[in-house]
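Listed below, chain by chain, are the residues.
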Amino acid sequence: MKKIVVFMLTSFLFIFSSVKADTIKLGILEDETGNFAIAVVPKIHAYELAVKEINANGGVLGKKLEIVRYDTQSDNRRFQEFARRLIKKDKVDVVFGAFSSASRESIRGIMEKNKMLYFYNNQYEGGVCSKTTFMTGAVPEQQFSTLVPWMMEKYGKNVYTIAADYNFGQISAEWVRQIVKENGGTMVGEEFIPLDVSQYSQTIQKIQKAKPDVLMTLLVGAKQASFYEQQASAGLKIPMATSINVGQAYEHKRFAPPALENMYVTVNYIEEVHDVIKSGEFHDKSKDYVKRFRALYPDEPYINMESANAYNAIYIYAKAVEKAGTTETMKVVEALESGISQDGPSGVVTMDPKSHHGSHTIFLIEVGKGHKVSIPKIWKDIKPYWLGESGCDLANKADYSQYTPSNPPS
Amino acid sequence: MVFLFNIFYQFGDSLAFLLLAAIGLAVIFGMMKIINLAHGEFITVGAYGTVVSGKVFNLPLPIAMVFGVIITVIFGLILEKLIIRYLYGRPLDSVVATWGISLIVSQSFLVIFGPSYEGLQTPMGNFKLGEFSYSEYRVFLIIFALLILVLLYYLFMKTSFGTLARATIENPNISSSMGVNVQNVYTVTFAIGAGLAGVTGALYAPTMTIVPSIGQAFIVSSFITVVTAGASPFVGLVPAAAFLGMVQTSVTFFYKSTIGLIAILCAVILIIRYLPQGFSGLILKTRSK
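In order, the protein sequence lines correspond to chains L and H. Under my numbering, the first residue of the first sequence carries the number 1, and numbering increases by one thereafter. Under my numbering, the first residue of the second sequence carries the number 1001, and numbering increases by one thereafter.
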C-alpha cells in the first residue's frame, strides 16, 4: 500500500513537472544601447556567464536557467513596456536589471504589483526597502561613509558637489551633505545638472570661485562625462571623489589622461583588483573571474563592478531557489531572507534579511598620473546598515518604499 | 578685469557652442529648406572622422580634424546623390527621410565602433587669471566660430558661387533658364552644410566623450538657434546665438544649469510667438523701412 502511494506520488510529481516548464526563466532588462550602454554591456555578459556556469553544473532544481532578454535602450518607457511583456507574455520567474535609478523606479512598481521577484544589480543612492526587490550593488553607506571622511581627512573639509539632476544625483548629494556635516566639514557649493548638458565652462568657474578642497562628481551618462575632459583642460586641479566613475563606464581607460587624474572612487569591484593587489584572496578571486569572463567574451573592453554585481545576483537567486525548492516568489523571498551568501569576484556578499541589500568589500581606487590605478585602502565586509538601523525590517514587516536620510522609515 | 573676462569667456563659450551647433543646419535649412534631422549624425561623422583617423594613422590633431571634415563632406555628397536630391521642395518628406538616415547612421556607429571610442586630449593648455583658470582651446573655439561665420558670409554674399546659390534658392526655374546648373549648386551647398557640421564635430571631438550619440548633444541647441535666427541664416544666426547665449549664461550664472536650460527654451517660445520670422525677419523688416 505504502509503495503504491509512493509510486503514485512520484508519478504524479513526474507528470506535474513535465507539464510545467522545464526551465527557470530569468527576465533581463538592461540598456544594451543608448546613454548607459557602455557600463551595461559587461553586466549583460556577466548574467550570461553565470547562467552558463550554473547550467553546466546541472542547473537549479534539475532545471536549466533560460534568459529572456530585451534591450531597454536607456529609455524608461521601454523599461515599462518590456517589464509588462516579461511578466504577462513571457511569464518569467524573476527579473534582473536596470542601470539608472530612474529606470529602476519606473519598473519597481510594476514588479511589486505583479508580485514579481526583482533584482537590481547596480550601485545606487540607496534606500529601497521593498519586500520583493533585492539589491546586490553598493549603496551610500558603503561607498560614501568610507570615501567622504577619507577624502576630508586627506585634502580638507570644504566639499563641493556636482550631481546629475534626477533621483540618483539628488539623493546621493543628500548623503554627501549629511556625511560632510557629521565629520565637521562644510558644503561650499552644490549644483544639479540635467542629463542633457554637455558643456561645463560655467560649472567649472563656479567651482573655482567656491575653492573647495574636495569635489564630489556624481555625474551620470555619456554627455555628463564630458565634464572630466573639460575640467582637465581648464586646469581645475581639485581632487575629485565619486561613487560612479571608473567602476562603471571605465572612464580612466576611455579618456585620454589627464581627464581623470586625481580622482578617487569607492567600488566593490573592478578588473584591475588583481593587477594592483599582488596576492591573497582578492587577487585570486578577481583573476579567476576575469579569466572565466574573457574565455566567454574575449573582446570585452572592461569588466566593471556592475558585472560583478550582476554575476553575484544570478548565483544568489540560484541558491535561494535551490533552498526554497521552488521558484514561487514569496518562498524564494523567504529563502533570500535567511541570509544567503555568495562568494563572488571580490569576496563574500551576504544578503541582509532586513533591507534586502548585500554586504561588500569596498576598494578605494585612486586614479593617478597617466590614469594609473592604485588602491590606497580596502574596507572589508561593509554592511548595508542604514536601512536596517532606521527601521526597515522586511523579514518581519512588508514595505514597498524608497527612503532617504531626510525621510527615513517609521 | 577678471570679472569682465569671465563674462566674455562664459558668454563666448555659450555663443560658440550655439553658433557651431547651428551653422551646418542653418545652411542646409536656410538655403535649401531641407529640415535635416540627421544634422546630429553629420556632427557625429565629423567627430569620429577626427578621432578615428587621429588614432589609426597617428595624425596630429589639426590634420585629423581636416580629415574628419573631408569625410563628412564626402558623406554629405553621397547622401545628397542618393536621397536628398529627391526631396528638394518637400520639407515634410525631408523630415521623415533625414530622421531615418539619422537612426541608421547612429546605429551603424554603434555596431562598427561600439558604445564608446577612446577620446582625444584637449589640445593647448590653460591659463590663469586671478583665482580662475581657463582652457585656451575654448577661447580658440570662440574665435574660430566667429571666423567661420565671416568666411561663410563672404562665400555666400561676395563670391560668384554665392550669387548662383542665392539665385538658385530664390527661384530655381529662372536660374536654370539663365544657364545655372541648379543640380550642381544644390549639391555643393548641401556639401558645404554637411562640411560645416563636420567642422563642429571635429572641433568639439577632443572636448567630449566619443559615443555614437555625440551629435545628439548639439541637436536641441542647433534647432532652437536656427528657429530663432529665422529664414535668412546669415543675417539672423549671430544675433540669435548671441541672444540665446546671453539668456543661458546669465540665468545659469545667477541660478542653476537646470533653470538656464528652462530659460533658453522659454526664450525660444517667446521669440516664435512674437517674432515668427525670427531675428532675420526682424532685421530685414527694419532694414526695408
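Misleading hints may appear alongside valid ones.
Simulated crosslink set (DSS-like; lysine-lysine; CA at most 27 Å straight-line) [claimed, not checked]:
1. L:Lys-278 to L:Lys-237
2. L:Lys-372 to H:Lys-1055
3. H:Lys-1055 to L:Lys-206
4. H:Lys-1128 to L:Lys-211
5. L:Lys-115 to L:Lys-211
6. L:Lys-157 to H:Lys-1055
7. L:Lys-372 to L:Lys-323
8. L:Lys-154 to L:Lys-209
For each label pair, taking beta carbons as the anchor points, the in silico distance ranges come out as [said to hold, decoys possible]:
9. H:Ser-1250 to L:Lys-115: 46 to 54 Å
10. L:Glu-53 to H:Ser-1250: 32 to 40 Å
11. H:Val-1002 to L:Pro-376: 57 to 65 Å
12. L:Lys-89 to H:Val-1056: 39 to 47 Å
13. H:Lys-1033 to L:Glu-53: 52 to 60 Å
14. H:Leu-1129 to L:Lys-157: 21 to 29 Å
15. L:Asp-288 to H:Gln-1107: 29 to 37 Å
16. H:Phe-1003 to L:Lys-377: 48 to 56 Å
17. L:Lys-209 to H:Thr-1286: 37 to 45 Å
No wet-lab data here; the hints were simulated from the structure. Values in this document were obtained by computation on a predicted structure and should not be read as measured data. No residue lacks a Cβ here, since even glycine has one placed at the ideal position from N, Cα and C.
Quick one, are Lys-157 of chain L and Lys-1055 of chain H close enough, alpha carbons at most 27 Å?
violated (41 Å)
For the pair Lys-209 of chain L and Thr-1286 of chain H, does the Cβ-Cβ distance stay inside 37 to 45 Å?
Once the Cβ atoms are compared, 40 Å apart, the range 37 to 45 Å for Thr-1286 of chain H and Lys-209 of chain L holds.
Return holds or violated for the Cβ distance of Lys-89 of chain L and Val-1056 of chain H against the range 39 to 47 Å.
At roughly 45 Å between Cβ atoms, Val-1056 of chain H and Lys-89 of chain L fall inside 39 to 47 Å, so the hint holds.
Decide if the proposed pair is consistent with the structure: Lys-1055 of chain H and Lys-206 of chain L, CA atoms, cutoff 27 Å inclusive.
violated (34 Å)
Between Leu-1129 of chain H and Lys-157 of chain L, does the beta-carbon spacing fit 21 to 29 Å?
Given a distance of about 27 Å, which is inside 21 to 29 Å, the answer is holds.
CB of Lys-1033 of chain H to CB of Glu-53 of chain L, is that within 52 to 60 Å?
holds (59 Å)
For the pair we were handed, Lys-1128 of chain H and Lys-211 of chain L, check the Cα-Cα distance against 27 Å.
Given that 27 Å is the threshold and the Cα spacing comes to 14 Å, the pair holds.
Can you confirm whether the C-alpha distance between Lys-154 of chain L and Lys-209 of chain L stays at or below 27 Å?
Measuring from Cα to Cα gives roughly 21 Å; hence the hint holds.
Please verify whether Lys-115 of chain L and Lys-211 of chain L have alpha carbons no more than 27 Å apart.
With Cα atoms ~50 Å apart, Lys-115 of chain L and Lys-211 of chain L exceed 27 Å; violated.
Lys-278 of chain L and Lys-237 of chain L: Cα distance at most 27 Å?
Violated, because 31 Å separates the two Cα atoms, which is more than 27 Å.
Given hint Lys-1055 of chain H paired with Lys-372 of chain L - CA-CA distance at most 27 Å
Roughly 21 Å between the alpha carbons, so the hint for Lys-372 of chain L and Lys-1055 of chain H holds.
Hinted pair, alpha-carbon criterion (27 Å max): Lys-372 of chain L, Lys-323 of chain L. Please report holds or violated.
violated (43 Å)
Of the hints listed earlier, those the structure fails to meet are numbers 1, 3, 5, 6, 7, 10, 11, 16, in rising order.
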